[in-house]
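All chains should be built: construct the whole structure from the sequences, respecting the hints.
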Amino acid sequence: MKASVQKVLDRYKKDPTRLMDILIDTQSEVGYVPDDAVVQIAGSLGISRVDVEQTLSFYHFFNRKPAGEFQVYLNNSVVAGLYGRRRIAEAFEEAAGCKFGQVSDDGLIGLYDTSCIGMNDQEPAALINNVVFTRLTPFRVREIIRDIKAGKKVEDLVVEGVGDGENAGKLVRSMVQNNIRKIGPVLDPNHEPGEALKKIAGMTPEQVIQEIKLSNIRGRGGAGFPTGLKWEFCRKAHGTQKYILCNADEGEPGTFKDRVILTQLPRLLFEGMALAGYAVGATEGILYVRYEYKYLQRHLENVLAETRKKKLLGKKILGKEGFDFDIRIQFGAGAYVCGEESALIESAEGKRGEPRARPPFPVESGYLGCPTVVNNVETLCSAVKIILNGGDWYKSFGTKDSTGTKVLSVSGDCKHPGIYEVEWGFSVNDILDMVGADEPQAVQVGGPSGTLIGPDEFDRILCYSDLSTGGSLIIIGKQRDLLRDVVMNFTDFFVEESCGSCVPCRCLTVLIRQKLKKILDGHGVKQDIEDMAAWGPLMKFNRCGLGQTAANPVLSSMKNFRNLYEDKIQKDRSFDCGFNLQAAVAESCWAVHRKPITEENDHE
Amino acid sequence: MNKIVHFTVDGTECKAEKGQYILAAARANGIWIPSLCNMKGIRPHGSCRICNVRVNGRPMTACTTPVAEGMTIESNTEELNDLRKSILELLFVEGNHFCPACERSGNCELQALVYRFQVQVPRFAFQFPVRTLDASNPKLIKDHNRCILCKRCIRGIKDQQGRSLFAFKRRGHKVEINLDPELAGSLTDELAQKAMDTCPVGSLIRKEKGFDVPIGKRTYDKNPIGSEVEQPTVNE
Numbered sequence: 001m002k003a004s005v006q007k008v009l010d011r012y013k014k015d016p017t018r019l020m021d022i023l024i025d026t027q028s029e030v031g032y033v034p035d036d037a038v039v040q041i042a043g044s045l046g047i048s049r050v051d052v053e054q055t056l057s058f059y060h061f062f063n064r065k066p067a068g069e070f071q072v073y074l075n076n077s078v079v080a081g082l083y084g085r086r087r088i089a090e091a092f093e094e095a096a097g098c099k100f101g102q103v104s105d106d107g108l109i110g111l112y113d114t115s116c117i118g119m120n121d122q123e124p125a126a127l128i129n130n131v132v133f134t135r136l137t138p139f140r141v142r143e144i145i146r147d148i149k150a151g152k153k154v155e156d157l158v159v160e161g162v163g164d165g166e167n168a169g170k171l172v173r174s175m176v177q178n179n180i181r182k183i184g185p186v187l188d189p190n191h192e193p194g195e196a197l198k199k200i201a202g203m204t205p206e207q208v209i210q211e212i213k214l215s216n217i218r219g220r221g222g223a224g225f226p227t228g229l230k231w232e233f234c235r236k237a238h239g240t241q242k243y244i245l246c247n248a249d250e251g252e253p254g255t256f257k258d259r260v261i262l263t264q265l266p267r268l269l270f271e272g273m274a275l276a277g278y279a280v281g282a283t284e285g286i287l288y289v290r291y292e293y294k295y296l297q298r299h300l301e302n303v304l305a306e307t308r309k310k311k312l313l314g315k316k317i318l319g320k321e322g323f324d325f326d327i328r329i330q331f332g333a334g335a336y337v338c339g340e341e342s343a344l345i346e347s348a349e350g351k352r353g354e355p356r357a358r359p360p361f362p363v364e365s366g367y368l369g370c371p372t373v374v375n376n377v378e379t380l381c382s383a384v385k386i387i388l389n390g391g392d393w394y395k396s397f398g399t400k401d402s403t404g405t406k407v408l409s410v411s412g413d414c415k416h417p418g419i420y421e422v423e424w425g426f427s428v429n430d431i432l433d434m435v436g437a438d439e440p441q442a443v444q445v446g447g448p449s450g451t452l453i454g455p456d457e458f459d460r461i462l463c464y465s466d467l468s469t470g471g472s473l474i475i476i477g478k479q480r481d482l483l484r485d486v487v488m489n490f491t492d493f494f495v496e497e498s499c500g501s502c503v504p505c506r507c508l509t510v511l512i513r514q515k516l517k518k519i520l521d522g523h524g525v526k527q528d529i530e531d532m533a534a535w536g537p538l539m540k541f542n543r544c545g546l547g548q549t550a551a552n553p554v555l556s557s558m559k560n561f562r563n564l565y566e567d568k569i570q571k572d573r574s575f576d577c578g579f580n581l582q583a584a585v586a587e588s589c590w591a592v593h594r595k596p597i598t599e600e601n602d603h604e
Numbered sequence: 605m606n607k608i609v610h611f612t613v614d615g616t617e618c619k620a621e622k623g624q625y626i627l628a629a630a631r632a633n634g635i636w637i638p639s640l641c642n643m644k645g646i647r648p649h650g651s652c653r654i655c656n657v658r659v660n661g662r663p664m665t666a667c668t669t670p671v672a673e674g675m676t677i678e679s680n681t682e683e684l685n686d687l688r689k690s691i692l693e694l695l696f697v698e699g700n701h702f703c704p705a706c707e708r709s710g711n712c713e714l715q716a717l718v719y720r721f722q723v724q725v726p727r728f729a730f731q732f733p734v735r736t737l738d739a740s741n742p743k744l745i746k747d748h749n750r751c752i753l754c755k756r757c758i759r760g761i762k763d764q765q766g767r768s769l770f771a772f773k774r775r776g777h778k779v780e781i782n783l784d785p786e787l788a789g790s791l792t793d794e795l796a797q798k799a800m801d802t803c804p805v806g807s808l809i810r811k812e813k814g815f816d817v818p819i820g821k822r823t824y825d826k827n828p829i830g831s832e833v834e835q836p837t838v839n840e
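The listed protein sequences correspond, in order, to chains A and B.
According to our numbering, the stretch in the first sequence is residues 1 to 604, in order.
According to our numbering, the stretch in the second sequence is residues 605 to 840, in order.
Warning: the hint list may mix true and false statements.
To give an idea of the chain A side of the interface with chain B (calculated C-beta under 10 Å), a few residues [as the list claims (entries may be wrong)]: (1) Arg86; (2) Arg87; (3) Val337; (4) Gly369; (5) Ser501; (6) Cys505; (7) Leu511; (8) Ala533.
Treat the hints as calculated values from the structure; they're not laboratory data.
The beta carbon of each residue, even a glycine, is placed where N, CA and C say it ideally should be.
If you want it as structure tokens, here you go:
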């Protein structure tokens with residue numbers, strides 16, 4: 001083991017800022033990261049063991065002990081739940097002979113829960129040793145486990161064939177389906193790589209930024225910061241080395257558009273990064289991809305190599321003196337919060353994905369302290385089309401304050417889940433008609449951190465001034481228990497994904513979950529609803545977007561579906577501690593042959 | 605000489621050198637903004653959120669935000685004081701804080717803030733978590749029951765090569781302070797004392813020495829926290 005860890009350390013030149021890669025590669029060599037490896041890595045990088053441990057223990061795909069030869073990560077997103085996840089989980093446990101969070105006695109199979117893996121359009125889905133399995137049924141689960149026990153290799157467990165488009169390519173060979181339902185200018189497959197770079201060769205960086213500013217495009221990750229302005233700030237920032245980071249860490253449950261773009265249009269994305277590099281004066285780019293999309297790694301590396309060969313990346317791009325730009329791919333290791341731009345930078349530097357205090361903003365001091373632009377995948381792809389066709393052309397799409405198009409990830413109770421590129425300005429009703437949602441009870445717009453709306457708000461418009469979204473739309477049908485199936489799941493999600501740095505986020509996520517559980521268990525009283533409503537606003541004082549929105553599932557459902565809460569609370573009492581004394585002492589009572597004291601037999 | 609900038613805190617006109625953080629700048633003007641995870645001499649982090657103020661209406665942490673010309677800062681407002689009180693209550697229910705048995709009592713910043721904000725019964729349910737106490741180190745006891753995860757030890761205590769002795773482990777509500785087993789083995793008395801002094805609560809306690817300041821002479825026995833800033837100064 002020592003030699004293989006040494007090889008990994010040498011591969012990254014013993015650079016502590018590459019700790020993520022070192023740990024990922026170590027784990028893929030050894031299967032987990034043992035104590036000896038931590039000591040070796042710390043010694044070699046000149047950092048303390050606890051520094052290695054703090055990164056290692058932050059990301060949920062890292063293992064500190066043997067985690068099973070086959071590691072099953074079963075998605076526990078809301079939509080997986082709607083599509084029968086519970087039965088799938090039971091089938092796994094029964095077939096594997098161990099519970100979730102455990103490894104089978106023979107060390108063969110480990111079962112784990114994981115937050116949304118970006119497959120909401122084909123749930124229930126799981127990752128087994130980085131291979132994606134979609135649309136699982138209990139029958140398929142039994143087959144998979146049987147085949148594992150029979151000694152098959154993980155890729156031979158897939159019997160469904162391959163998906164469409166590049167999913168069938170020889171470097172992907174995945175059963176994932178793209179489910180592209182509506183194509184617009186960004187998803188247009190007829191893209192000739194290099195056209196936009198040829199065009200900017202005759203433009204100054206300032207002219208490029210001007211064109212992007214003219215288009216009025218805003219960041220497509222959800223926060224909606226004007227892209228042209230971000231590029232201009234970075235261009236003007238002092239520093240000889242600047243960076244372009246592309247955020248492909250789409251972790252917002254219900255979002256999977258970047259998965260499709262990375263699969264079908266990586267050339268467009270790399271061109272967008274090079275273009276941004278030219279505009280701000282950066283020579284290096286990092287594509288930060290969530291670990292869940294590791295199955296796309298060889299495909300992406302291959303396209304990168306091909307793009308370099310075509311002189312669309314590397315030194316003197318298209319022969320232009322001084323136009324140097326290259327890209328490396330950085331994988332995450334399982335942490336939603338890394339989708340926040342400063343947390344993403346921390347993670348790319350090999351650290352815990354904890355958001356930074358701002359100011360300073362990344363455009364002044366980002367990756368390794370250098371001016372850095374962090375853009376969403378879709379933003380960079382859109383930028384290529386803006387340069388090719390002009391800012392005015394782009395403005396012809398969408399509304400006045402929200403120009404262009406948005407790639408939506410639609411999932412849940414509808415006939416045609418998948419991705420749809422629509423112009424801003426579509427109403428929720430339009431979308432529901434388009435995707436075949438017949439009896440929607442509610443729509444979660446923008447993922448758990450967004451808003452839960454009911455039918456009386458389905459005429460609202462998708463745009464930055466009304467319903468702003470990073471693109472996740474989850475449709476919840478009439479037959480669902482909104483609080484139990486949706487709100488509780490989202491609340492669990494935020495408890496799991498909080499980085500733990502800010503006090504209100506770390507503590508209140510847990511306390512709000514307790515209250516919600518109390519209400520769902522029938523112990524709730526009016527005060528519990530009032531408490532949650534009073535505590536929610538404290539969340540806006542957290543540092544990052546995750547923390548500020550972590551109470552949204554409860555706050556938003558309390559606002560729009562108040563009756564669901566009121567139906568569940570006890571009307572006849574004003575206090576209930578939520579603690580069941582009889583249940584708590586039942587076992588000891590049984591042991592000493594005594595009857596628990598209840599209100600009925602209290603006076604006997 | 606650095607450029608002087610002008611700003612107001614709750615209407616009081618102040619000035620400070622450009623680049624100073626709001627917290628320090630306000631204190632230099634005799635205005636106390638409560639803080640907990642911040643400590644002079646250690647890089648600010650802004651994680652306890654107690655020093656949240658509104659800068660031109662927007663919530664910002666005073667320990668990490670530099671003052672700028674013309675800033676209007678609100679600090680002593682009902683909303684922000686309730687936030688601070690809530691955070692103190694959250695820290696109390698999240699851990700196991702039993703002041704009468706704690707060596708740090710009287711010198712504890714958390715306890716002092718709780719007195720100053722008149723926290724009586726927390727609005728949140730006590731969690732009574734099961735946490736460990738690690739006394740394996742010959743110099744230092746690490747009591748996770750009292751830890752408020754402010755990261756002061758992480759940021760402030762390094763060895764001679766700049767390596768961290770302390771670091772976080774895990775994430776979210778499962779986060780915990782981890783002490784490096786190798787570096788802690790060679791912990792000097794000096795560094796152990798520095799670690800204890802860096803901790804705002806009684807989570808890091810030196811061994812073989814204790815309770816050496818008598819009641820009555822402890823930092824917050826006679827004057828509440830913040831009073832050291834608020835005493836009238838003779839700067840002008």
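Query - Hinted contact A/Leu511 with chain B - closest CB pair below 10 Å - result: This hint holds: A/Leu511 lies near chain B, its Cβ roughly 5 Å from the closest one there, short of 10 Å.
Query raised in the report: Does the interface hint hold: is A/Ala533 within less than 10 Å of chain B, judged Cβ to Cβ?
Result: violated (13 Å)
Query raised in the report: Holds or violated: is the Cβ of A/Val337 closer than 10 Å to a Cβ in chain B?
Result: Cβ of A/Val337 sits 8 Å from chain B, so the hint holds.
Query raised in the report: Minimum Cβ distance from A/Arg86 to chain B below 10 Å?
Result: Since chain B brings no Cβ nearer than about 24 Å to A/Arg86, farther than 10 Å, the hint is violated.
Query raised in the report: Given A/Arg87 as an interface hint, is the shortest Cβ-Cβ distance to chain B below 10 Å?
Result: Check failed: Cβ of A/Arg87 comes no nearer than 28 Å to chain B, outside 10 Å.
Report task. With chain B as the partner, please determine if A/Gly369 meets the hint condition of a C-beta pair closer than 10 Å. Result -> violated (13 Å)
Query raised in the report: Was the hint right that A/Cys505 lines chain B, CB cutoff 10 Å?
Result: Constraint on A/Cys505 satisfied, holds at 9 Å.
Requested in this report: Verify the interface restraint on A/Ser501: the C-beta must sit less than 10 Å from at least one C-beta of chain B.
Outcome: holds (5 Å)
In summary, the structure is inconsistent with hints 1, 2, 4 and 8 from the numbered list given earlier, while agreeing with the others.
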